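Enquirer: Here's the letter readout for the chains.
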Amino acid sequence: MHALSHLEQLESEAIFIFREAVEQFENPVILFSGGKDSITLVHLAHKAFFPAKIPFPLLHIDTGHNFPETLEFRDNLVKKYNVRLDVGYVQDSIDRGTAREEKGINPSRNTLQSITLLEKLEEGKYDAAFGGGRRDEEKARAKERFFSHRDEFGQWDPKNQRPELWNLFNGKKAQGESFRVFPISNWTEMDVWQYIKKENIDLPSIYFSHERSIVNRGGVLLAESPYNILLAGEHYEKQIIRYRTLGCMTITGAIFSEADTLDKVIEEVAAARETERGNRADDKRSEAAMEDRKKQGYF
Amino acid sequence: MSGYLDMDLLRFTTAGSVDDGKSTLIGRLMYDTKSIFEDQLQAIEKSSEKRGDENLNLALLTDGLKAEREQGITIDVAYRYFATPKRKFIIADTPGHIQYTRNMVTGASTANLAIILIDARNGMIEQTCRHSFIASLLGIKHIVVCVNKMDLVDFSELAFEKIKASYIAFSETLGVPDIHFIPISALKGDNVVDASKHMSWYTGKTLLQTLENVQIISDFNTLDARFPVQRVIRPQSDAYPDFRGFAGRVEGGVFRPGDEVTVLPSGISTKIKQIFLEKTELREAFSPMSVCITLENNIDISRGDMLVKSDNQPKVDQEVDLMLCWLNDKPMLSKGKYLLKHTSNEAKCVVKEVAYKVDINTLNKIEGDFEVNKNDIVKVTLKSAKPLFFDAYKKNRTTGCLILIDEFSNETVAAGMIL
Numbered sequence: 007m008h009a010l011s012h013l014e015q016l017e018s019e020a021i022f023i024f025r026e027a028v029e030q031f032e033n034p035v036i037l038f039s040g041g042k043d044s045i046t047l048v049h050l051a052h053k054a055f056f057p058a059k060i061p062f063p064l065l066h067i068d069t070g071h072n073f074p075e076t077l078e079f080r081d082n083l084v085k086k087y088n089v090r091l092d093v094g095y096v097q098d099s100i101d102r103g104t105a106r107e108e109k110g111i112n113p114s115r116n117t118l119q120s121i122t123l124l125e126k127l128e129e130g131k132y133d134a135a136f137g138g139g140r141r142d143e144e145k146a147r148a149k150e151r152f153f154s155h156r157d158e159f160g161q162w163d164p165k166n167q168r169p170e171l172w173n174l175f176n177g178k179k180a181q182g183e184s185f186r187v188f189p190i191s192n193w194t195e196m197d198v199w200q201y202i203k204k205e206n207i208d209l210p211s212i213y214f215s216h217e218r219s220i221v222n223r224g225g226v227l228l229a230e231s232p233y234n235i236l237l238a239g240e241h242y243e244k245q246i247i248r249y250r251t252l253g254c255m256t257i258t259g260a261i262f263s264e265a266d267t268l269d270k271v272i273e274e275v276a277a278a279r280e281t282e283r284g285n286r287a288d289d290k291r292s293e294a295a296m297e298d299r300k301k302q303g304y305f
Numbered sequence: 009m010s011g012y013l014d015m016d017l018l019r020f021t022t023a024g025s026v027d028d029g030k031s032t033l034i035g036r037l038m039y040d041t042k043s044i045f046e047d048q049l050q051a052i053e054k055s056s057e058k059r060g061d062e063n064l065n066l067a068l069l070t071d072g073l074k075a076e077r078e079q080g081i082t083i084d085v086a087y088r089y090f091a092t093p094k095r096k097f098i099i100a101d102t103p104g105h106i107q108y109t110r111n112m113v114t115g116a117s118t119a120n121l122a123i124i125l126i127d128a129r130n131g132m133i134e135q136t137c138r139h140s141f142i143a144s145l146l147g148i149k150h151i152v153v154c155v156n157k158m159d160l161v162d163f164s165e166l167a168f169e170k171i172k173a174s175y176i177a178f179s180e181t182l183g184v185p186d187i188h189f190i191p192i193s194a195l196k197g198d199n200v201v202d203a204s205k206h207m208s209w210y211t212g213k214t215l216l217q218t219l220e221n222v223q224i225i226s227d228f229n230t231l232d233a234r235f236p237v238q239r240v241i242r243p244q245s246d247a248y249p250d251f252r253g254f255a256g257r258v259e260g261g262v263f264r265p266g267d268e269v270t271v272l273p274s275g276i277s278t279k280i281k282q283i284f285l286e287k288t289e290l291r292e293a294f295s296p297m298s299v300c301i302t303l304e305n306n307i308d309i310s311r312g313d314m315l316v317k318s319d320n321q322p323k324v325d326q327e328v329d330l331m332l333c334w335l336n337d338k339p340m341l342s343k344g345k346y347l348l349k350h351t352s353n354e355a356k357c358v359v360k361e362v363a364y365k366v367d368i369n370t371l372n373k374i375e376g377d378f379e380v381n382k383n384d385i386v387k388v389t390l391k392s393a394k395p396l397f398f399d400a401y402k403k404n405r406t407t408g409c410l411i412l413i414d415e416f417s418n419e420t421v422a423a424g425m426i427l
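Residue numbers (the numbering used here), protein chains in the order written: chain U, 7 to 305; chain F, 9 to 427.
The following block holds chain U by itself, in its conformation from the complex (with noise of 0.2 Å):
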């Protein structure tokens, strides 16, 4: 019986992607944010190109607030590959004027990523990003294309999209303008659990249940750091948590966890009742949180 299962048609679907985007753009970059999507997206990138090697670089937009463990895991993943790792500093746009710190107690420095994210890539003159971004994550992401179009100031315009039929892409563009490639576009985040168990994908160890110092802020369990200044009445306690997404520190929540290993977590991701970005703070801002931000560069 000829037939693929679910898993192996989505594989086919992003390695088509990749071969797809370096062939239609210059100089290609996948973002890599250290998380489990942008780690399967590298996985999916050696096996697509296998012998060569992954033919473009990575490139990390580091708030400065990362976990350390990302940080480790990140520079032990571009020596097993071999591929060039480019960072993005957003300490550096702060000092130089482009980006300014949010106000307030606690800033997040998310929505600067973008910001260090544009002016990394006009610099390195890259032409095409690649993306961890799976349209179940977040309603605005539902309409995202493989093949998205950015104009020359790194923004998607949600109501001017191309059209995007059969598996034809269209990466064509006007000096200046870019793109950004989704390859797992139709992943679910049960399917990157899946596949991440089948082929044997190694995850930064704050994935799974850890023992660490949080405070419970209005329902997110946010981590010991400097960076995270205690308010009134807030204090640490030691938890068994473990993390769904990573993001800064400043804004990513953990969950009470006892899942320790992969198969424990892709059962917990099975009963769980809250999507994944449910714990992150900066999508809670507003309804249409993530369009905006969107519309401005973020991923």
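Honestly, the hints are just simulated from the structure, not real lab data.
Heads up, a few of these hints could be off.
[Claimed, not checked] Straight-line alpha carbon distances no greater than 20 Å define the calculated PhoX-like cross-link-like pairs of lysine-lysine that follow:
(1) U:K59 to F:K338
(2) U:K204 to F:K287
(3) F:K94 to F:K42
(4) U:K178 to F:K338
(5) F:K338 to U:K179
[To be verified] Facing chain F, a subset of chain U residues (Cβ under 7 Å, in silico):
(6) A9
(7) S18
(8) K53
(9) R141
(10) D142
(11) L171
(12) W172
(13) K179
(14) T194
Please read these numbers as outputs of a predicted model, since none were measured by experiment.
Think of the CB as a built atom: it goes at the ideal place given N, C-alpha and C, for glycine as much as any other residue.
Take the given structure of chain U and dock chain F to it, following the hints.
Expert: Frame of chain U, contents of chain F only:
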């Protein structure tokens, strides 16, 4: 959980007119299969309240963009996902407005199945015909006609049977081999996931059971082996100094090591040496697998070339007849020049002739009207600057489709299905 690794995948599209309850149906499918998470539910509860909706408005789940939430209509294709232990589903949720035919064509282009919604009170309307025609034009082999809002016609069997009979009469001209009819109420949940308590006269499958059980495996082309080359892989590394592989996706048929293949357009023949998926050497590759193929002889091959089995070759021609759907605000230029994309190939082309336009509501041919506007479907002849290797769209949905790009705006302006 245990079955997760051998689940398969069904892509379907949904079409209906504005008030047919399409978004509600999708919301219902996701809600009843427990694919909606608590925070999403909370968000739509909040929004429903703000809008003053009486019930929980499941349609809000699928209305993604701000403008849509404000206007209460879906204006672009949105993709939705849910899974049951049997299958993963990808929904291309497409708007039903007349001006958005291009979105329906887009959504249908990758779908195995189409759900056509009919309001039980109104029966078949022009849009039903249009949606069905587009589904058949795009090569969809399975249609599920959902007669919705049965609660508003007292769950009447007669009302359902009448609509079914008129659809069957109409659909004879479509040539869609597999059509199902289900009476439902998306709002109340009847026959969507759970069987209705109000329509004991209906003994068929619910919508979800239908979606889970439709056989799509035979829809893939297993006869005509086609492999468009996307990229040449030459590591030139110490470990692989002489490796020369051809990366691409099998778009029809089955390839095995030892098979005699012909390279198009050169016409040179050789044999397949090995087929790889990363380090794994495969005994065979079939659609839609992305693989890397090595050949016995060192032949000059580049992106845009196609490997085919020597005893089963596609048509090779610079002139193609096709049905074209115009997608762009700017009308088609008479004798216009465009860039065409077909598999991994690209070529300049000119629209040589417009034969006729299709009235998509009546399916009649309109002759003598050569102005091609957005959402028009026309039969044209294209002349390409170089030979294309293609099959009829009916035979192969990948080697039989192409898009046209405006070289000045870079926009995708048309989608074509080769006759």
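Enquirer: It remains to establish, for every hint, whether it holds in the given structure.
Expert: Hint check:
{"no.": "1", "hint": "U:K59 to F:K338", "verdict": "violated, 43 Å"}
{"no.": "2", "hint": "U:K204 to F:K287", "verdict": "holds, 15 Å"}
{"no.": "3", "hint": "F:K94 to F:K42", "verdict": "holds, 15 Å"}
{"no.": "4", "hint": "U:K178 to F:K338", "verdict": "holds, 18 Å"}
{"no.": "5", "hint": "F:K338 to U:K179", "verdict": "holds, 18 Å"}
{"no.": "6", "hint": "A9", "verdict": "holds, 5 Å"}
{"no.": "7", "hint": "S18", "verdict": "holds, 4 Å"}
{"no.": "8", "hint": "K53", "verdict": "holds, 5 Å"}
{"no.": "9", "hint": "R141", "verdict": "holds, 5 Å"}
{"no.": "10", "hint": "D142", "verdict": "holds, 5 Å"}
{"no.": "11", "hint": "L171", "verdict": "holds, 4 Å"}
{"no.": "12", "hint": "W172", "verdict": "holds, 5 Å"}
{"no.": "13", "hint": "K179", "verdict": "holds, 6 Å"}
{"no.": "14", "hint": "T194", "verdict": "holds, 5 Å"}
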